[in-house]
Amino acid sequence: QQQVKQSPQSLIVQKGGISIINCAYENTAFDYFPWYQQFPGKGPALLIAIRPDVSEKKEGRFTISFNKSAKQFSLHIMDSQPGDSATYFCAASLSGGSYIPTFGRGTSLIVHP
Amino acid sequence: DAEITQSPRHKITETGRQVTLACHQTWNHNNMFWYRQDLGHGLRLIHYSYGVHDTNKGEVSDGYSVSRSNTEDLPLTLESAASSQTSVYFCASMRGDSSTDTQYFGPGTRLTVL
Numbered sequence: 602q603q604q605v606k607q608s609p610q611s612l613i614v615q616k617g618g619i620s621i622i623n624c625a626y627e628n629t630a631f632d633y634f635p636w637y638q639q640f641p642g643k644g645p646a647l648l649i650a651i652r653p654d655v656s657e658k659k660e661g662r663f664t665i666s667f668n669k670s671a672k673q674f675s676l677h678i679m680d681s682q683p684g685d686s687a688t689y690f691c692a693a694s695l696s697g698g699s700y701i702p703t704f705g706r707g708t709s710l711i712v713h714p
Numbered sequence: 021d022a023e024i025t026q027s028p029r030h031k032i033t034e035t036g037r038q039v040t041l042a043c044h045q046t047w048n049h050n051n052m053f054w055y056r057q058d059l060g061h062g063l064r065l066i067h068y069s070y071g072v073h074d075t076n077k078g079e080v081s082d083g084y085s086v087s088r089s090n091t092e093d094l095p096l097t098l099e100s101a102a103s104s105q106t107s108v109y110f111c112a113s114m115r116g117d118s119s120t121d122t123q124y125f126g127p128g129t130r131l132t133v134l
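Quick mapping for you: the protein sequence lines, in order, are chains A and B. Residues in the first sequence are numbered consecutively from 602, following this note's numbering. Residues in the second sequence are numbered consecutively from 21, following this note's numbering.
Don't take each hint at face value.
Some residues of chain B that are not near chain A, with every Cβ distance over 10 angstroms (derived) [claimed, not checked]:
id, residue
1, Ser27
2, Gly71
3, Gly83
4, Glu92
5, Glu99
To be clear about the criterion: a stretch of chain A counts as covered by chain B if any three or more of its residues have a C-beta under 8 angstroms from a C-beta of chain B, and this derived list gives those stretches [claimed, not checked]:
id, region
6, 641-649
7, 684-695
8, 702-709
DSS-like, lysine-lysine: derived pairs with alpha carbons at most 30 angstroms apart [to be verified]:
id, chain 1, residue 1, chain 2, residue 2
9, A, Lys606, A, Lys659
10, B, Lys77, A, Lys643
11, A, Lys643, B, Lys31
12, B, Lys77, A, Lys672
13, B, Lys77, A, Lys606
FYI, nobody ran anything at the bench for these hints, they're computed from the structure. All residues carry an ideal CB built from backbone N, CA and C; glycine is no exception.
Modelling step: build the complete structure from the supplied sequences, incorporating the hints.
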């Protein structure tokens, strides 16, 4: 059973466009939602994260939007650049448990110059 | 600077051989993890450890084992390598104090089983 569903699997965007990656979760006990960015040949690295007590978090060109009632959250990359080309993973974890993140299956983003 | 390293970075082996992938972290993190990454499946958890002498099975643990004799290292052993275990393997560590902890990933080991 996939507890965090991520879409799309792949995404192609033109330079300057907006990239949007969506995730949906099932366990309402999740209370931390990080996004990881992985460049080719590298391990994933934390990009940005949000807690469910806020609806939006912005860091530079990267924004997480969170909809608690719909159990959905999304990553928006504004003014997408070729250097943003990477695989993005959403994840969810919960306090009081193992703290092990549950990952989505990833989105491969290609930004064309 | 603290880091997490994996070795080897690339490995080619034959079916039936035993293979051990090394993972070493210098953050003094309690929690360590092994994942495999395959196209279309994302990151799948193989084994994890909450501390010395503690090991736990993840969702795809069959054919793999780990041992934790110190805080810094969590080697992953493939007892008898199979072609289905061809993958990219990532080790990660995490302090483990709360759900907001960050997982730090190593650079990965690309394993090919012929």
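Can you list which hints this structure breaks, lowest number first? Nothing - there is no hint that the structure violates, so all of them hold.
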